[in-house]
Every structure is written in C-alpha cells, then in structure tokens.
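Taken in sequence, the protein lines are chains A and B.
The first sequence begins at -5 in the working numbering and counts up by one.
The second sequence begins at -5 in the working numbering and counts up by one.
Since the hints were derived computationally from the structure, they do not count as laboratory data.
Where hints are given, some of them may not hold.
Identical chains share a label here; the pair holds if one copy fits it or two copies do between them.
[Said to hold, decoys possible] Dumping the calculated DSS-like pairs for lysine-lysine here, alpha-carbon to alpha-carbon at most 30 Å:
(1) K239 to K139
(2) K22 to K320
(3) K320 to K299
(4) K299 to K139
(5) K2 to K239
(6) K2 to K60
(7) K22 to K239
(8) K2 to K139
(9) K2 to K299
(10) K320 to K139
(11) K239 to K60
(12) K320 to K2
(13) K239 to K299
(14) K320 to K60
(15) K2 to K22
(16) K299 to K22
Quick caveat: nothing in here was measured; it's all calculated off a predicted structure.
Number of protein chains: 2
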Amino acid sequence: MARTITLKDIARRAEVSVATVSLVLNQKASRGTVRISEETIERVQRVAGELDYFPNLSARAMSGGKTSIIGLVLNEIKYSSAQLPLIYGITDLLDHAGFSLAMGRVTLGSPDIETEEIRIANRKGFDGLILEPTRVFLQEAERFKDSFRDWRHVVLINRPAAADYTTVGVDQEKMGYIATRHLLDLGHRTVAFAGRHPGIEDHDDPNAPSNMVARYRGYLRAIGEADCEEVTVAKGVDLLESENKVTAVYCALSYDGPDLLAACHDRGVRVPDDLAIVGQDESREKEIVRPAMTTVDMRSEELGKVAARAVTSLVDGAEVEDVLLKPELVVRESTGARVVVVEGSGSFAN
Amino acid sequence: MARTITLKDIARRAEVSVATVSLVLNQKASRGTVRISEETIERVQRVAGELDYFPNLSARAMSGGKTSIIGLVLNEIKYSSAQLPLIYGITDLLDHAGFSLAMGRVTLGSPDIETEEIRIANRKGFDGLILEPTRVFLQEAERFKDSFRDWRHVVLINRPAAADYTTVGVDQEKMGYIATRHLLDLGHRTVAFAGRHPGIEDHDDPNAPSNMVARYRGYLRAIGEADCEEVTVAKGVDLLESENKVTAVYCALSYDGPDLLAACHDRGVRVPDDLAIVGQDESREKEIVRPAMTTVDMRSEELGKVAARAVTSLVDGAEVEDVLLKPELVVRESTGARVVVVEGSGSFAN
DNA sequence: CTGAAAGCGCTTACAG
DNA sequence: CTGAAAGCGCTTACAG
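Could you put the whole structure together from the sequences, leaning on the hints where they help?
As structure tokens, then:
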C-alpha cells in the first residue's frame, strides 16, 4: 500500500494551505465570511482527485466531532428473516451516504442489553442510532434521552412513536385491516384473529406487544365495518382444537402463520378450503410453505432505507418527519389464489 | 450528558502525568524499559473507575493506528437465513472483545462491489475484515493482498482456503458425506445428488461453486463406500420429471430442499415414503416446511464466533489457525423421523 | 480571498 | 519509576 494521502500532500501540490484544502473539500468554501476563488477550488479538487484522497475519519472525528458511524441495535435477528432485507436496505443506503453501519448486539428484548448497547454507541461516538426499542425503552423514553449524546439522532423503527423520537415504521393497524378485509371480501363471515394475549385491549400491560394491539385494532375495524362477529384466539392452532364456525383467520404473529399451515397439514385440514389463512410477511418462508401463504408484506427493505435516510438527515442537521409505510397484501394460495412458482436462487451454495 | 472524561482528568485527580495514565490503562505499565509502581497503578485504575472513563477511540486510532472496527462483507443476506445466526455470532463476540462491527454492503457475488467494499474498509482504517469472498477474489487472492492495509487481518468465511489467508468454515465435503451416508444407512440403494451443474467435476469452471464441488465429493465418497450407483441432477424437482428408481436425494443447494418438498406436496409425492430428502440447513425453514426436513446443520452462529475470534486475535498480533467446523446431521421427518413439534417464539411481533 | 495557529485526546519514544 | 513533548490528520475561528 502506498503511503496515505493527507491534506498536507494536497496542499503542497496545489500550493495552498491545509486550511484552504479542508474548506474546499468540505464544501465550506463559500460559507459566511469565508470565500475562496473558483480557480483555487478547482485546482484543489483536481489535485485531490489525482491523488485519490480520502479523509482520515478518525482525525476528522477528533476535530469535527463526527465519526460517520451509525449504530444499529435490533431486538431480534436470529429467527426473523424479515430482518435480513431490513439490514440490506440500511447498509445499502448508508454506504452510498458515506456512513458506516456499526451493528451492535441484538437485545432480545432485554432492557439491560439495550442500555448497554446505547451506552457503547454513545461512548464510541456514533453519530446516530437506529433502534428497535424494547418495551421498557418506550415506556421510559423520556429518561433515555439522557443516554445518547443527542437523542434527536436516535431513530426508532418498527415501533409506535415515543416522546418526540423520530420514528419510522409500517402501519400496523393497517396490516390488521387489510388482512381481515381481504378475507371478508372473499366471502368469509367468521374471521378469527390469532394473536390474542392477556391485555391486548389494555396498553398498560407490560407484556402486550403494541404492534399486536395495533393489528388487533385493524382487525376490529374491518369486522366492525362488515358487521361480523369477533373471534380471537392466542395462536392459530387453537382453532383446530375445538369446534367452531371459523372459516378464515388472520395470524398476526409472524411465526404463527407457518406454524398453523404446518399443523393443518399434519391434521388433514385443507387450506384454503377448510380454512383460509393470512399471515405476516416472513421473507422466503411464505413461499416455501405449502400452500404458499397469503401475507401482509412488511416492506422491510424499504423500511431499512427510510430509517437510514432519516438518521443521516438528522445527523446532517435536517428536519425529518416520521414515516409510516403502508403494508401491502400479497395474495397467494392460502386464501385461494393459484399456485405460485418460486425459483430458487443459486449463488455460492450457502 | 456530562462532559466527556479524558486522560487529563484522570491524570489531574490521580496526580500523575497523562502519559502514566495511558501506560497504566493500556497494560503497558511494565513493558520493556517502562516500570510504574504498584501504588500508582492502583490509584490510576481506581480513579479511572470512579470517573467511568472510556477512551476516545478516534484519538486512539489517530495515534495508535487502530480503529477497533472490524468490517464484514457478505456475499448474500436477503435470502439466506443462515446469515442471521452468523451475524448474531459475530456481533456477540466482537462486542465482548471491545470491537465494533462495521457491516458493509453485500456483494451478491459482484467482484466490483467487493473491491469497492474492501477499499472502503481500507480507507476507513478498519483493523480487520471478515469476508465471504466472490469467486474472483479466490481466483486472484494474491492480487487482493494489496487491497487491504494488512491482508493478514482478512479472514475468509464459508469458502475454501486461498493464498495464505486465514480461513474459517464448515467442512463441505463432510456435509455431502454425512447426508448421503444417512440415506444409505436407512437402506436406500439409489441416492441422488441434486446440485449438478456444468463443471462440477471441473474446478476450473469459473461458474462452479466450490462449496458444491466439495459436497459432491462427499456424496461420491459415501456412495463409493456403499458400492452404489451415482445419480446426479441439477435440481431436486428434476427427479419428479422422469421415471427413475431413486428413493432418496441429498439436495446440496440450500434452497433446493424446501423447493423440492413443496413440489412433492403439489404432485402428491409422499415424503419420505416415495422419496426421502436431506437438505441443507436454512434456519427456521427446515422446521416450517412439512414434512419437517432432515438437514445438514451448517453451524452458522458458531462459525460467526470463530470468525470473529480469528480476526480479533490476528489484530492483537496472535497466530491463528484455520478452522474447519464439522457439520451435524439433524434428523427430522423427511427421512422418516417422527414429527417434531416446534414452538414459535413470541417477542415483539415482527 | 487565504494562511498561520490552536486544539481535539490519545500514544510513544526520550529524558531524566 | 515518571514527566514533558512531539505528533497523528483534521477543523475552525481568527488574522491579515
């Protein structure tokens, strides 16, 4: 490797001072009282290009205070394949924006790990943070404002808004609504909601995942509009345990749909003839299971890009609005669509 | 946020110089010509603890030359859920070792993206790199030694060894062997290998994924020992197209097993009665599909830890051996085991 | 319009 | 056994 090129090298070759080079290369050549001639600007830029200059980020961080690193702290990663497109979207955007993505440990819902990771992000001087917060964080969002250098640079994903934090996510209420609505439109009159748990009507229960509450509200709105009866169960398989007139179910937990499909297969319940099922998006799983599952697409890759764009904008000092993406229904066999053929991807055989 | 604590603060409170504090806190208090009294060491450490000191990594990077950042460049992420436990393993270990994980864009097999990401890692001063290289990298491994500050700090994963790079992976030949062996032990006499492609016997074909070649060799060894006939097809579904006496198949491509199972379901082929199937590990998918698939476990989480440990050791100047993990066969329904019940995990409803 | 200088917080020879 | 000093490569007021 050739010796690293520094501002000094450019300054020498361009016959200007290091300060001038810094100003030019940082687009500050015409800010406020500073003004540098077009000629000089051009010359400096040309030399920098010739020398293939890249700033020493540590040095920049030390004087400017920005590390160009964005932290990512997810709640879960091992079992939810929806996180893959999410990460892909984030890295793709950050890379183009010149930031690094520092991936911390996943919290697995533990406030302790979360606190520790936020602390690490803070100590290491990350410019911003994309966080899939735990319940405790959301409940004590105010308090957490002290734990990161600038809480305004923390973007929450996949969660309800909390205490002025910028939040990006997918409309959870709408997930429940469009899933249920699809089933009602197919003519089903008794559509169940799978995902009930103690306290789903009660936001105060610390064990109530609020995303589920929102999906449940969407479900209620849809069956309300259709003037249908409410049936809720904890898990899809509960419907197979007892007699009932349910002909369709919306499995609001991402794992529940595939599990229910597997159970139906084991017990000879025909899908969608005996039971129509709508599940939550889970990357490829929805296509692998048979019958292929109709799902509510969670748009994870796009969410990743939106989250990344939000942090970088905030770090750059811009105003950022919350974003709420609209989920999309993807109809497949489990609600009666024709068979979908999925091609396997090849690559390097992982 | 309170003002950041620096070495200076500790020096003042402990009544020593900044240099002494640095020496003590870096375990260099007794290296070579330097020698600091036990008393001073203790005092400095106590004060540092009281003040909850954490070093400014940018400053350290600038004088010491280490950023404490390890880069990660994967080949694929969106569709292979085996990458999730891999990432989990890496982050978990790096976090404990005090390193950050900077996740770059995935290459999707593109040498251009790979080159660019290595370049970024180099420019940003990452201490080391975990790389799932493209075929081009492996072919021109020598040449790539110039592209990262110290090629010795680059650890290759999931790939055959190349040009002295430290490599960690899972024994691919053994995957093919144990999968095939399992089927033979069950009494099958015609076991097919699904994953044939032009050049699988020829390492020189640039399109031949070498992991597949190794799995194929394992297959050949197993059927050779059992004195059975070789049958190879490109994809598992090919077996359903024509008449043959194949009663068992090892699907060497991770996607192929689930796809074949789905196809069997569609065409009424009973698994494992008509056809026994062994697939490659794919996180949860193997448990969701029905019948649950017998797989060769790729031990991704452990691989992640091993890779992370390797890089950090190298960065710390230690010698590191290549690691080749042994794959494990996990028997499930698709080769005749009893039904396995899988509990869905709950968490925050992703 | 541009240069000289201070300072960010650390590490590492080099003196004592 | 420990301190003073230089230097890493940048940015940013402050002078001219």
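For this session: If any of the earlier hints don't hold here, list their numbers in rising order.
Result: 1, 2, 5, 7, 9, 11, 12, 13, 14
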